[in-house]
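We have chain Z; now place chain R with the ligands onto it with these hints.
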Amino acid sequence: MPGNGEAILEVRDLVKHYPLTRGILFKKQVGAVHAVDGVSFDLRRGETLGIVGESGCGKSTVAKLLVNLERPTSGRILYKGEDVTRLSGRALKAVRRNIQMVFQDPYTSLNPRMTVGDIIGEPYDIHPEVAPKGDRRAKVRELLDVVGLSPEHINRYPHQFSGGQRQRIGIARGLALRPEIIVADEPVSALDVSVQAQVVNLLERLQDEFDLAYVFIAHDLSVVRHISDRVAVMYLGRFAEAGTDAQIYEHATHPYTQALLSAVPVPDPRARAGRDRIILTGDVPSPAHPPSGCRFRTRCWKAREKCARVVPPLEIPDWFLEGGGPEAHASACHYAEERPATPDVPPTE
Amino acid sequence: MHEAQEAAAAAVTLPDVPLLDVRDLHVEFRTRDGVAKAVNGVSYGVRAGETLAVLGESGSGKSVTAQAVMGILDSPPGHVTGGEVLFRGEDLLTMGGERRRRLRGAKLSMIFQDALSALNPVMSVGAQLAEMYSVHDGMTRKDSRAKAVQMMERVRIPAAKERAGDYPHQFSGGMRQRIMIAMALALEPDLVIADEPTTALDVTVQAQVMDLLAELQREYRMGLILITHDLGVVADVADRIAVMYAGRIVETAPVHALYAAPAHPYTAGLLGSIPRLDHKGKELHAIKGLPPSLTDIPAGCPFNPRCPRAQAICRTDRPPLFDVAPGRASACHFWKETLDDAG
Ligand SMILES: Nc1ncnc2c1ncn2[C@@H]1O[C@H](COP(=O)(O)OP(=O)(O)OP(=O)(O)O)[C@@H](O)[C@H]1O
Ligand SMILES: Nc1ncnc2c1ncn2[C@@H]1O[C@H](COP(=O)(O)OP(=O)(O)O)[C@@H](O)[C@H]1O
Ligand code: SF4
Ligand code: SF4
Ligand SMILES: [Mg+2]
Ligand SMILES: [Mg+2]
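Chains Z and R, in that order, give the protein sequences.
Read in order, the letters of the first sequence are residues 1 to 349 in UniProt numbering.
Read in order, the letters of the second sequence are residues 1 to 343 in UniProt numbering.
Bound-form chain R, shown alone:
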C-alpha cells in the first residue's frame, strides 16, 4: 500500500515545533444581553503536514477561535481578551499590522462553509483567482490569468479555460467549494483552516471535496485545521482531535486513541449518539439536556448539568486539562474512570 507507507513516513518526519500554536485564547462578545464568553482558554497546535480536527456542536466556539486566529473576528462586539496566537513562534496578536496582514494573506488561509457568500458575486472566478497572483506575487496580468486556469484545473473544474469567465452563481455547490479551495491554496500557504468545508454538500460531493483537500494537503505538506461536527469526517482524515464544549477544549488526543476510548464523558456522549449497526432497534444514547448559554456558564465543570458521571466536586471545581497519556489530555476530574469504562 503506497499511500499508507507515505503517510507513515510523513508522520515520522513531523517537525516538533508547531506551525501554529494557540495559547490560552479568550474571546468574548459584549452584547446587549450580556457578555457571551465564546472562547475560554483554548490552546491547540498544528504542525506542518498534520491535520488537526476541531470537533464540537454548534455554538461551542470552533469558528470564533478560527476567526481570532485569522484576524477576522466580528469586532465589536467580539474582543480577544487574552492569549497568544504564535505562527512559527511569532505572536500574530501583537506583531506589526503590515507584517501581520502579509502573513495572513499569503501563509495562512481559510476555507468557509458557504462558498457563495465567501466569493465575490460580481467578479468572474477566473479574475478572483488571478487577482491573488497579481496582488501577492506581483505577476503580470497574462501570467496570473494562466495560473488561475491552471489552479482551476488542479481542483478538477471541467473545461476550466472556458469556465474561468463564469461567475460563482453559475457553478454547482460542489464546484464552488472546489473553487474556494483553489483560492485558499493558490499562494501555497503553510496553514489552512477549513471551517465546515463540506457541511452544506451532499455525501457524494463531500467525498469528492474531502478527497481533493487531502490530496492537496499531502502535496503541499500544509498544516490543516479542519473544523467540523461530523464524527465520520474526523475519523476519515484527522491525525489529532481537539473536542470543544462551551468555549473550552475538553479533550485532545490522537484520532485512534480517542475513538478507541474517550477520556471525557462529553466525547463519550458524542460517540454514543451516532446510530450504529449493532444498535438498530434500540434507543440511541442521547446526551440529556442542552449546551449552556455562554452568558451563564455553570460553575465547576461546564458539562456537569448534562454529565452522567458528575459528583459534588464537578459543581464546584473547574477541571483543568489533565495529562492522560503522551499527546492526550482531558478536562475531567474522573478521566481515569471514564477511560477505564470505555476500554
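Next comes chain Z alone, as it looks inside the complex:
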C-alpha cells in the first residue's frame, strides 16, 4: 500500500546556496543564489512524491541533493535513519546504490559514443558486487526487456533511438542497481503526449513490480497528479504547500497553488465558460535576492504587512486542524484558505 509503509527517506531543513562571486584572480563572494532554502519531507516505501513548481524554483537542485550529486549547505537527508550528508567512502557508496536518478533530457543525458549495453551496464563498474563481470550482458538484456526495448538492440547507439526509447534507456540504467528510490527529474517533459503516456505507464508498472519509491519532479500538473500519492508545490526554494493529491488539487489553500492550478488549461472546451482564472502579474523574483517573509508576497493578491515580516511556516492551519476533516494539510501561508469551488465543466444533459 503506497503511503502506509515506513519512511525510508527523511529530509530535514535542506538548504543549498550557490555562492555568487566577483573577480577572476581574487574571487570574492558577493552573495548567494538561494536555490533550496529549508525543504523537509518524508518519503515512504513504494510511494510517489510529486514535486511541482515553475522554472528555477529549485526542483532539480533538490533532486541533485537527494542523489548526492551536490552537497547541501545545511540540513539532513536520513536514509533509513542514517544521515547521508555525513557519510563518506564505502558507507556512502552503499547508500547511493539505493537512490538512483533518471534525468529529463533523453537527448543529452546519454553518452553518444557508448553503446546502449555499456550505458545501462555502467553502474556495475562502480558496484561490481551487484553483477559479476560474466553476468552483466545477461542483466542488461533483462533490463532492456523490462523497460520494453528489444534486447537485440544492446549494441546500438543512443542516436538510433527515438526520444521515448532513450528515456526508457535512462530508466533501465536507473534500475540497474535495484535501488529502492528513484528520483526522476522531469522524466517525460521532453516527450510528445502519446509517448509520454507510454513512459508514465512504464514507470507505474515498474513501481509495482519492484516496490520502488519515486520522487517525481515535473512542471505538468496533470501528469504529477496522475502518478503521485502526495504532492509538494515549490516556490523560490521552499515548499508552499504539501499534501495528498486530492488535498492539493481539490483543497488548495496557498494562493500560489491556487494560481498555478487555475492557470492550467483544461483539455475540455466546455470548461471555458466556468473558468475562473487567476492571472498573476509580474515575474518570479531572482533567487539571489528572495523577498523577506513570504517569498510569494511580491505576486500575491492577498499579501499584508505581516507577510513581509514573518516567514510563514509549512504547517496545518489551526482552522483546518479543528475541522479535523480529511482535507487538512500543510500550507505555508499566514492567511491560508480554500477558494470557493467553481464547477470545472457545466453538467451536460
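A hint or two may mislead.
[Said to hold, decoys possible] Calculated cross-link-like contacts (lysine to any residue; reagent style SDA-like; alpha-carbon spacing at most 25 angstroms):
#, chain 1, residue 1, chain 2, residue 2
1, Z, K139, Z, E180
2, R, K282, Z, L20
3, R, K288, Z, Y124
4, R, K280, Z, N111
5, Z, K139, Z, A94
6, R, K161, Z, T281
7, R, K288, Z, F103
8, R, K280, Z, E250
9, R, K336, Z, R270
10, R, K161, Z, D283
11, R, K282, Z, K133
12, Z, K133, Z, G163
No lab work stands behind these hints: they were computed from the structure.
For chain R with the ligands alone, kept in the frame of chain Z given last:
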C-alpha cells in the same frame, strides 16, 4: 456574461470567404538520407476573427506548413512541390516578388516559440519595434519611437518607456514573448501565425501570454493560426481544429465537436493519452509505437501500424478526407465507427 455575448456575435458575423486558404500544399526536404515528405497535401482556411488551432506531435509538419505560407522555408533543402496559398483570393506562391514581400511584411505575421532567437540580440527592443513603423509605415524617427513605447505598454511591459532601450536578453522569457507579440501585431496584420508561442513558458506565464494574445485578437479581429501540441491550450482558445499526422490533416472540426467525439482514431488516441482525474491509478491509453519516418511513410493510411482499428483496406488504400458533418472531415475509412464509439 459580456464576453460570451460578444464572442457569439462575432461568430455570427464571420465572413464566408477565408482570409487565408491553403490548398493541397506539398513540401519536401531533399537531403542526403533521401526525400523527407514533410507536408503531403495540407488544406486549411482561416477567416477574420477566427482562431484555427493546428494540433499535432513533433515532426508532423505543423511548422513547415507555416513556413511555406510565410515564405521562410529553409530552401534548399526544402521545396514547395505543389499547392496554393491564397491570401484574400490571391496565390502567394505565384504572385510577384515585390507585392508578396509587402503583404507578408504588413498583412501576415508570425510569432515563434523561441523569442530569444527570433529577436535581434544587438538592437534594443524599442529600436526593433520603432524600425517596423519607420520602414513599413514611413513614420518619422520620433513618432515611431513613441509608437514603439505605446505598443510595449499595450503588451503590458512595466515601465515601458524606461525599458525600451534594453536588449532582449535583459527581459524574462514571458516578457520577451510579449515583446515578440508586440512586433507581430505592430502593423495590425490581418493574419497571425503563432507557432507554439507558449511552449517554452511556465504555466502562470503561459496564462498571461495567451490571455493577452486572445484579447488583442478580439480587438484587431485578426485571423489566428495557433500551432501547438497542447490539447489544453487548444480547448481554451480555438474555434476550429486541424489535427496533423505525418504531414497530413487527418481531422478538422469545430472545437466542441472534436472534444465531444473525435472522428479519427489518432485524435481519439491523443485525447486518451492525457491524464484525467477519473483515470487516477489506472493505465493511460497510450498510442502504441511511434510516428513514421517521413522518408518512408507507410502505404495506405499512414496511421495504420499504430491504429487499434486498422483493417486490411487501411494497409492498401489511402483514406481521403471524408465529409463527416458540416465543417467536419476525417481521413479514416472507419470514421463512422470511430464517431459511434466515441459518442
Ligand atoms: N551550479 C549552480 N550555480 C549557481 N546557481 C545555480 C546552480 N544550479 C542551479 N542554480 C540556480 O538555482 C536555482 C534553482 O535551480 P534548479 O535547476 O533547481 O531549478 P528547477 O526548479 O529545476 O528549474 P527548471 O524547471 O527550469 O528545471 C536557479 O535560480 C538556478 O539558476
Ligand atoms: N530545414 C530542414 N531540413 C530538413 N528537414 C526538415 C527541415 N525543417 C523541418 N524538417 C523536417 O520536416 C518534418 C516536419 O517538421 P516540422 O514542421 O518542424 O514539425 P512540427 O510539426 O513539429 O512543427 C520533420 O521531419 C522535420 O525533421
Ligand atoms: S503569506 Fe501572505 S504573501 Fe504569502 S501567500 Fe499568504 S497571503 Fe500571500
Ligand atoms: S483508415 Fe484505418 S488505419 Fe487509418 S485511422 Fe482509419 S481505421 Fe485506422
Ligand atoms: Mg530542473
Ligand atoms: Mg514545430
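- Hint numbers the structure violates, sorted upward? 2, 3, 4, 11, 12
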